[in-house]
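Engineer: Take a look at the letters that make up each chain.
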Amino acid sequence: MNENRRDFLKKAGVGSLIGLGVVSAINVATEEEGKASTRSEDTSGTRMGMVVDTRKCKEDCKACLDICHEIHNVPDLKMPDGSPDIKSEVKWIWKEPFHNAFPSKSSAFTSESLNNREVAVLCNHCKDPSCVRVCPTKATFKRSDGIVLMDFHRCIGCRFCMAACPYGSRSFNWQDPRDEANSGKMIGGNDINTEFPTRERGVVEKCNFCAERLAKNMIPACVEKCPEGALVFGDLNNPQSEIRKVLKENNTIQRKPELGTGPSVFYIV
Amino acid sequence: MYDAGKIITGLVIFVGIVTYPIWGSLGGSVNMPEPVVNKSGTCVESAEYMRANHMQILDEWRDSVVRDNDRVYTSQQYGTKFDKSLSTTGKTSCTSCHSNKEEFCDACHDYTAVAPYCWECHIEPKEEI
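Line order of the protein sequences matches chains A and B. Each residue of the first sequence is one higher than the one before, starting from 1 at the first, in the working numbering. Each residue of the second sequence is one higher than the one before, starting from 1001 at the first, in the working numbering.
Fair warning: there could be bad hints in the mix.
Said to hold, decoys possible - In silico BS3-like cross-links for lysine-lysine, where the CA-CA straight-line distance does not exceed 27 Å:
#, chain 1, residue 1, chain 2, residue 2
1, A, Lys87, A, Lys185
2, B, Lys1081, A, Lys216
3, B, Lys1101, A, Lys185
4, A, Lys62, A, Lys11
5, A, Lys56, A, Lys87
6, A, Lys62, A, Lys78
7, A, Lys185, B, Lys1126
8, A, Lys78, A, Lys248
9, B, Lys1081, B, Lys1126
10, B, Lys1039, B, Lys1126
11, A, Lys138, A, Lys127
12, B, Lys1126, A, Lys216
These are calculated hints, taken from the structure and not from any lab test.
Extracted from the complex, chain B is given alone in its bound form (with noise of 0.2 Å):
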């Protein structure tokens, strides 16, 4: 083989790239995020089931108060009364407790990588303190 020594060494570098993905996680991966809920207290239903089924709550929700003008969701597993609104003002919306979006929703969703585009429309809560 000519220049055995160039080629290997060469192949060596491109495999070493190639898999820098691979390997360069390997140490320090990027640690899940921890939503940060401004009010304590219960969600619509508890969070476990949040955490798996809010994007089909919400999608029924817009389903339900824009063609059946159905504004009011009955907790299943608390039995309590929620608007079933993403952002009304002063009222119980999603937004009355997770008041932060960059911390509750941007958190877990830049971490998965999904970009849902609720607030193109609808309008994000101000920041407050």
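This is chain A alone, in the form it adopts within the complex (with noise of 0.2 Å):
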């Protein structure tokens, strides 16, 4: 059989154009079956996480904020004239009106009771961290249970999880958070809890859920020292948990879930 070269290669063409459809199509249905895989969320394993009865939190409150700062060693930064310094603060768990904690649940016409409360906010936790997604040298990691940590050993103090995270959970240490006039004391007077490193100048910190309290079997400190009994801490993943009856018997939301990090932090209001 003979055939001259002009029919070759127009057969060859339309072949390999086939063929390329067909590898794509391949790829677009495999991609779609993951994505539908992911979006029924796996409660396998454990997944640590928190409700906030913000219902139960006193406005005046700081119980939880000043243990967590204090065994923490957060420094309490101010500027000269004793205003807080937003530029360069530290904070773990803090607190946060309603309104900016949940702009997308909160409009004109929510009562101002619920708009202007002050809500407890801290690490998310999520089940799929963002800022996990863009460390470059995986400083901050999730562990198999769910918590969200940072290894400041290995942070370089890019920022680019500070960046990633939608509930500015994180903060950069833009100086020594050691009092250099008084050793033994973090700037802004607490003294230095010797169980609990301190941070250097240029790494990002943020809350741990008290990883190194759950090794020893105890709760997370702000769970712990909370007056109103507000805080509720527990494996998601386990039905029989308290934290699983407390969800059950309450309407609970997520602080900007739309963005599909998975927040295990969930709120009441």
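With the hints as a guide, bring both chains together as one complex.
Structural biologist: As structure tokens, this is what we get:
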């Protein structure tokens, strides 16, 4: 059978087009499958989480904030005039007005008491944490129990994670957090807790769900110290846990769930 | 050669100054420091092993504690268990025996001119008498 070059090239071209089409069709199909499986939430394994009952939280109470920052050696940075240093402040857990913590859930017609309610916010220890995805040194990582942790040894201070976190849960150390003038003190006057390291200038830090206390079978300090019992901590994937009971009995919301990060901190409003 | 006397004396002085680091340390060299341990007994592993490998051990410890939540070290030599901790107080951490940073850590680190940054974050033990 004789074939001239022109015919051969035509056939080869058509053949490769068909081939490419099949490959990309397979790719699309498998991708769709993958997405579908992540959308239904996987509840195997352990996933530590928290419920914050904002109804119980008293407006001028700062028990959880104070104990957390005290035991984790978080400095209290102030401007020379005594106002908080908003640019450099370091925070693990803090209070935010409802309309800032939940911008998509507040409107002009939301009741004033809810809109202005001070809500305790912290790292959400997301199921699919954006900070972990962007970290170039794997300094931040998700532990098998769902807790998103920092390895301060590896952090190079690039602050990609701070840009990636949609909740502002991460703080950068612009300066040495220890008080140079008073040895044994943090900036702001707290004594250094010798059971926990401080950080150095140039690393990012955030809430660690008290990983060092969990290792000793203790619950997070904020949960323990809350005088109103507004915080509940536990394994979200364990149907028998107290936190699941609370989640079952109350309507809860998460911060910015539409971003797909899967926050593990839930709020009762 | 013009000014041979000046040039040769100049050269001798120059060579003398440049080679000072070599002949300057001939007589009395600095003695190797002997780190001071405040508590007798055995360390995590033997002293020779620790002298050679403490940096690797500490490096492995920090990864396994932070990443794998594995906080107890079992001595390969003695079988005893230790907290993988540099500085927690009142437990079997490094500094519960090596409680004097200046005489233990710094003595050798200064001599060998290494500057680990452990104590930028970890709390150094308080000086106790």
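Engineer: Lys62 of chain A and Lys78 of chain A were given as a pair; does the straight-line alpha-carbon distance stay at or below 27 Å?
Structural biologist: Answer holds: Lys62 of chain A to Lys78 of chain A is near 18 Å, not above 27 Å.
Engineer: With a cut-off of 27 Å on the C-alpha distance, tell me whether Lys78 of chain A and Lys248 of chain A pass.
Structural biologist: 42 Å, violated
Engineer: Are the Cα positions of Lys62 of chain A and Lys11 of chain A separated by 27 Å at most?
Structural biologist: Answer violated: Lys62 of chain A to Lys11 of chain A is near 76 Å, above 27 Å.
Engineer: Does the structure keep Lys1081 of chain B and Lys1126 of chain B at a Cα separation of 27 Å or less?
Structural biologist: Holds - the C-alpha atoms of Lys1126 of chain B and Lys1081 of chain B are around 24 Å apart, at most 27 Å.
Engineer: Please work out if Lys1039 of chain B and Lys1126 of chain B have their alpha carbons no farther apart than 27 Å.
Structural biologist: With Cα atoms ~15 Å apart, Lys1039 of chain B and Lys1126 of chain B stay inside 27 Å; holds.
Engineer: Check the hint pairing Lys185 of chain A with Lys1126 of chain B against an upper bound of 27 Å on the C-alpha distance.
Structural biologist: Given pair Lys185 of chain A, Lys1126 of chain B holds - Cα atoms ~13 Å apart, limit 27 Å.
Engineer: Does Lys185 of chain A lie within 27 Å of Lys1101 of chain B when you go C-alpha to C-alpha?
Structural biologist: The given pair, whose Cα atoms are some 19 Å apart, holds under the 27 Å limit.
Engineer: For the pair we were handed, Lys138 of chain A and Lys127 of chain A, check the Cα-Cα distance against 27 Å.
Structural biologist: 17 Å, holds
Engineer: Are the Cα atoms of Lys56 of chain A and Lys87 of chain A separated by 27 Å or less?
Structural biologist: 30 Å, violated
Engineer: Could you grab the alpha-carbon distance between Lys1081 of chain B and Lys216 of chain A and see if it respects the 27 Å cut-off?
Structural biologist: Holds, at about 16 Å.
Engineer: Decide if the proposed pair is consistent with the structure: Lys87 of chain A and Lys185 of chain A, CA atoms, cutoff 27 Å inclusive.
Structural biologist: Between Lys87 of chain A and Lys185 of chain A the Cα gap is close to 22 Å, so the pair holds against 27 Å.
Engineer: Can you confirm whether the C-alpha distance between Lys1126 of chain B and Lys216 of chain A stays at or below 27 Å?
Structural biologist: Holds: Lys1126 of chain B and Lys216 of chain A sit about 24 Å apart, inside 27 Å.
Violation of the numbered hints given earlier is confined to hints 4, 5, 8; the remaining hints are satisfied by the structure.
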